[in-house]
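Asks: Below are the chains, spelled out letter by letter.
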Amino acid sequence: MENRKLIKIATAGSVDDGKSTLIGRLLYDTGSLTTDKLEAIEKTSRQRGFDYLDFSLATDGLVAEREQGITIDVAHIYFNTDKTNFIVADTPGHVEYTRNMVTGASTSQVAIILIDARKGVIEQTYRHFFISNLLRLSHVVVAINKMDLVGYDEDVFLKIKADFDALVEKSNFKTEQITFIPISALKGENIAKKSAEMPWYLGNTLLDHLEVLEPEDLQEQAFARFPVQYVIRPKTDAFHDFRGFSGKLYGSSLQVGDKVTILPSFTESKIKSIQFFDQELDLAVPGASITITLEDEVDISRGDMIVKSSELPSSEKSITATICQVNHKPLRIGDKYTLQHGVNRVLARVESIQSKIQTDFSGEERAEALKLNDIGKVSFKLSKAIHFDPYQVNRSNGSFILIDEGTHDTVSVGFIEARD
Amino acid sequence: MSTIYFNPKESESIHILREVAAQFERPVLLFSGGKDSITLVRLAQKAFYPARIPFPLLHIDTGHNFPETIQFRDELVKELGLELIVRNVQDSIDQGKVREEKGRYASRNTLQTTTLLDAIEEFKFDACIGGARRDEEKARAKERVFSVRDDFGQWDEKNQRPELFDMLNGRIEQGQNVRVFPISNWTELDVWEYIKTENIKIPSIYFAHKREVFFRDGLIWTANEHVYREPHEEVVEKMVRFRTVGDMTCTAAVLSEADTLETVVEEIRQSTLSERGARIDDKRSEAAMEKRKKVGYF
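Residue numbers (the UniProt record's numbering), protein chains in the order written: chain A, 1 to 420; chain B, 1 to 298.
There may be inaccurate statements among the hints.
[Unchecked claim] Straight-line C-alpha distance at most 25 Å; calculated BS3-like pairs for lysine-lysine:
#	chain 1	residue 1	chain 2	residue 2
1	A	K83	B	K196
2	A	K5	B	K46
3	B	K46	A	K235
[What the hints assert, rightly or not] What the simulated footprint calls covered on chain B by chain A, stretch by stretch (three residues with Cβ under 8 Å from a Cβ of chain A suffice, anywhere in the stretch; the number is not a length):
#	region
4	43-52
5	183-196
6	236-243
Since the hints were derived computationally from the structure, they do not count as laboratory data.
For each residue, glycine too, the CB sits at the ideal point set by N, CA and C.
All chains, please: the whole structure from these sequences, using the hints.
Replies: Structure below.
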């Protein structure tokens, strides 16, 4: 592959904000819609008697939702420019938006929040921004859409920006992490080409803005964490004594010679080699799937974690986390689950539900249970200690999922709180 | 200090393959001889090096494969010391489990599903690794990386497990199995650029060659005994290549002079016809893929 940078984006907007149209437009303007897909869109638009091409048809996938005219799940869409590969996790804006947007945002660095210029900041906007804040996305683009329907009026744009800025003050976001762009997805204004209708807007087009984002700037700076996924023991003549620990590296780099501690045994050793396929490296960067060998014979199995000895994480058997319920089955006090933290699994019991959190920044309330799409603060007792960082400082080592013991479904996602 | 550029999509795919080896007892890699499954084999080599790939390959042979693909498959398996299992659609037909389609658009493509489900049952495979990508088709855009199938191999798109961060949940009931798609997030261009960068060998039919073909519905069909042809459909010789490699009865060729990896990649980059546009089976209906998936098609 050419060394294009990769930017992952989650999109949020309610049903009528024109989100599918925006994505279809991005695909069209980057030349990512192929002839046959474009033909299908033209044909269907004509059949339905539309005056213009309905780009939303490019993304609305499944038969069921075509019939209902809404998107029902997270869909992944791909496009690229010469310099950048983009992955868009498109999440619907209706009732089940919390689960879907949390899911889409968990694999994204950037959120595009769509606002209908005629409606301005509405309750849905609060919720979409709340989730971007909870998940700690690196950057938010507020795309104020349908500017064509408000006469491309700068005052409308400024009013919405001021309303949104009030929201930003309630969050952990800094103002430089938020960018406002006035657009018309339908007419293609400020998507790929600068709008002649809005000369008062001096910023980048949406696509230009997404292109100048750098993955390194979007990646959080955290301690190196190496969860062991799989132990490689070839047992072949050529590699008789080879014992390699493979996994994906998170947080920051590791180097040959680094003094490391293996958890949960707290054994110490040194990194002897870092390998990627048949290459030996001195250094691996976060995000890399590598294999590590150690100077000493250490008993290590899947689920263990290798960290620098000077940067130990917390090791606890009881934790408190913000939970988002992603399954119809509610979470209640006393429930037992398998907790999967990275690739490590332990048993967990719900000790207490401290509160249910309103997703519009309005505060917390008491709750007996967390139902689908609820977000709340929950305390757990674990069968064994896990080795974590608070989600506030480390996204990958601060999150977990809960698996139902009966159905095996993924029922919750958790963001671990710092110890008081 | 020596380090390399880490391709984020490659790292993600390797992570997924290692999760499969760790979470399942009897995984298998579904191998079609096409470029996507060949890419999977390379990724699996990288994931487990210096150990061998810890699962076998399974090829569901329709009997209508291009001979070049079969030859390529056998050479690859030998070179890498892999275990290959082959199950034949012809056997399912002979056993009366499926009936051969007849007529103008007759294909064994949909019949593969039965042979595949039987093989899963026979070997008790609990995870089947496939090379499907989300960019191929709209119904695939919502497919999970770990996609749980019930006892009948069916996909329930409304009841999928959410996949959060990098965490994959492969827990299943007895009798269920999981379809795994490690290159979900790759595009067709990503695959071709990877094949070029890695200098991976692929079957010769991906490169421009002279072939006896005929034209129907604006598509270029291979002319031979497996493909139904009307008397008035005239056979001509053309320089063509294939963008996907499936059953001869459902894979159309494209006119091309691209005979090296460089020129193929360049052609893909410029191309405005999507890969599945050259799949005859999808042309049947807009919802074709989704319907096939619901009944267990890969």
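Asks: Hints the structure violates: just list their numbers, smallest first.
Replies: Hint 6 contradicted; others consistent.
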